[in-house]
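Asker: Sequences are here, hints too, so could you generate the full structure?
The listed protein sequences correspond, in order, to chains C and L.
The working numbering puts the first residue of the first sequence at 1, with every later residue one more than the last.
The working numbering puts the first residue of the second sequence at 1, with every later residue one more than the last.
The reader is advised that the hints may include incorrect statements.
Each pair may be met inside one copy or between any two copies, as identical chains are not told apart.
Lysine-lysine pairs mimicking DSS-like chemistry, simulated, CA-CA at most 30 Å apart [unchecked claim]:
#	residue 1	residue 2
1	K199	K115
2	K115	K258
3	K162	K90
4	K162	K258
5	K162	K199
6	K162	K115
7	K57	K90
8	K90	K199
9	K199	K57
10	K258	K199
Calculated from the structure, these hints are not laboratory results.
Protein chains: 2
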Amino acid sequence: MTQQLDLSRFAINQITTPSWSMPQAIDGYARQGVSGIAVWRNFMDDYGVGQTARHLKDADMWVASLCTSAWFNDAASAGGIANGIEANRKILDQAAQIGAPCVVMVVGAMPDGEKDIAAHRARIRDALAELAPHARQVGVKLGLEPLHPMYAGSRSVLNRIKDANDLCDLLGDDTSMVADTYHCWWDPDFEAELRRTGKQRLSTFHLCDWLAETRNLRDRGMVGDGVIDFARLRSVLDDIGYDGPFELELFSELDWWKRDPEETVRIGIERCAPFVGARLR
Amino acid sequence: MTQQLDLSRFAINQITTPSWSMPQAIDGYARQGVSGIAVWRNFMDDYGVGQTARHLKDADMWVASLCTSAWFNDAASAGGIANGIEANRKILDQAAQIGAPCVVMVVGAMPDGEKDIAAHRARIRDALAELAPHARQVGVKLGLEPLHPMYAGSRSVLNRIKDANDLCDLLGDDTSMVADTYHCWWDPDFEAELRRTGKQRLSTFHLCDWLAETRNLRDRGMVGDGVIDFARLRSVLDDIGYDGPFELELFSELDWWKRDPEETVRIGIERCAPFVGARLR
Chain C
1 MTQQLDLSRF
11 AINQITTPSW
21 SMPQAIDGYA
31 RQGVSGIAVW
41 RNFMDDYGVG
51 QTARHLKDAD
61 MWVASLCTSA
71 WFNDAASAGG
81 IANGIEANRK
91 ILDQAAQIGA
101 PCVVMVVGAM
111 PDGEKDIAAH
121 RARIRDALAE
131 LAPHARQVGV
141 KLGLEPLHPM
151 YAGSRSVLNR
161 IKDANDLCDL
171 LGDDTSMVAD
181 TYHCWWDPDF
191 EAELRRTGKQ
201 RLSTFHLCDW
211 LAETRNLRDR
221 GMVGDGVIDF
231 ARLRSVLDDI
241 GYDGPFELEL
251 FSELDWWKRD
261 PEETVRIGIE
271 RCAPFVGARL
281 R
Chain L
1 MTQQLDLSRF
11 AINQITTPSW
21 SMPQAIDGYA
31 RQGVSGIAVW
41 RNFMDDYGVG
51 QTARHLKDAD
61 MWVASLCTSA
71 WFNDAASAGG
81 IANGIEANRK
91 ILDQAAQIGA
101 PCVVMVVGAM
111 PDGEKDIAAH
121 RARIRDALAE
131 LAPHARQVGV
141 KLGLEPLHPM
151 YAGSRSVLNR
161 IKDANDLCDL
171 LGDDTSMVAD
181 TYHCWWDPDF
191 EAELRRTGKQ
201 RLSTFHLCDW
211 LAETRNLRDR
221 GMVGDGVIDF
231 ARLRSVLDDI
241 GYDGPFELEL
251 FSELDWWKRD
261 PEETVRIGIE
271 RCAPFVGARL
281 R
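Answerer: Right, here's the structure in full:
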């Protein structure tokens, strides 16, 4: 059945199948006709960066992104931010090695004892500016991903697509946007800010649904099981001429992570297919 | 100890001590020197509206707000929104009976099968407009409370203080703002929009902390246990001349709701006292 679907722009984000190792994910996605992958560092580190790069090449698989950056959380110590920058330089190098066009920047949340969120946002802006030249040097974008506001305490203080667009304006061509339906669906400015992002700056687009009755912070929904209007968002992307990747990215502690990854991939393909073709059906 | 504290503007929101009935809450707060309460309908309905009003008067207790409105969730049926308006008319009447200056409007989330959040927001705007004349008639404000974006699927599609201010601009003096640190702390526009709200339109201000490691959607933090800068927000409120109530409102399934309410109230007073005096210390 999958042979009839146009999956040329479709990738599976590896966190969707966390019980699979790096080689299992590559082979498992390929087996069902998916040739795009978003790589997570923990699986890549376990397998080795060089071996990951070779396996991806052998499987003829393209890489949508490398997830994720090191967090800039440690502002307490003098060298904390500098260490974060150095860690991210190495991650950018690894992204180049596996052919990832961007590193998904999850910028980090409030450092211990910090209560000034505006000050921390400014710190992160400055750290990204310092990292940008290295990104250019290795030909990998800093893919700014606004995370849902519920992660502002623990994962990232970059929480609106507007703020990511502002950062792209400020920092220039070494940065790009990673937009995610799960993180942004509630935002009254989502569509307008996607148009502002534009085709050139949008590195990749994450598909994930928001369950009406969300139980915890890792309870994302399979596309179609929640409240998000994917057809409408796809038409906005078509309007701006976006021709980049679509990734299925699913954190699902209570449901999909417990299933056989073969099933998750199969159902993921079925659900995403209507929204990921080269042109909207 | 509490005798030395200035608690004249301080109220406890009844959901903070859900194991107490209406009379237990009134007496329990009074026992520790708190003379303000935000009433929840379920406890009031159990006790009776008339009996609640009498008990509040006998205890010399003032009411910060009545929580909450009926949701406008049922847009599927023709009469769904009309039923919501009718239910809220009765709730406004009850608010007047107990001397609550506002009903906290939790406007409702996505109706079953609805995927167009902008359309639902427009429906709610229209329903509020229809409700406003009754609010004026009974002398109770429609207190618009923007809820954290993580409740957009299940509780309320009003998620930014900016949008609540826009609604107040549009709907006029029958509406007001209910601002909550837990819902808005992450918002880069929080302080600017509080200034825009202004003293006249701010009905009540909810205190609640955001825990860095939030475990579920009812895992709010006691003031001081999280990442929110209450002193800074208090100084913004002083700047605009705000002289209304401060409420401690704590949903805490995994921690505070399990404790003896006497302890929750005692610690709540200790933690909030530095931020709720008539003037900032």
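Asker: Against this structure, judge whether each hint is valid.
Answerer: Going through the hints against the structure:
In this assembly of identical chains, K199 and K115 lie within 30 Å of each other by CA distance solely across copies; the values are 25 Å between and 36 Å within a copy. Taking CA atoms no more than 30 Å apart as the test, K115 paired with K258 passes between copies only; the shortest distance there is 27 Å, against 37 Å inside one copy. Taking CA atoms no more than 30 Å apart as the test, K162 paired with K90 passes inside one copy only; the shortest distance there is 28 Å, against 40 Å between copies. Taking the shortest alpha-carbon separations for K162 and K258, neither the intra-copy value of 35 Å nor the inter-copy value of 40 Å comes in at or below 30 Å.
For the homomeric pair K162 and K199, the shortest alpha-carbon distances inside one copy (16 Å) and between copies (28 Å) are both at most 30 Å. With identical chains, the CA atoms of K162 and K115 are at most 30 Å apart both within one copy (22 Å) and between copies (22 Å). In this homomeric assembly, K57 and K90 come within 30 Å of each other (Cα to Cα) only inside a single copy, at 21 Å, whereas the closest approach across copies is 67 Å. Proximity of K90 and K199 under a CA criterion of 30 Å is satisfied intra-copy only: 28 Å inside one chain copy versus 51 Å between copies.
For a Cα distance limit of 30 Å, the shortest separation of K199 from K57 inside one copy, 27 Å, qualifies, whereas the shortest one across copies, 63 Å, does not. For the identical chains of this complex, K258 and K199 are neighbours neither inside a copy (36 Å) nor across copies (51 Å), given an alpha-carbon limit of 30 Å.
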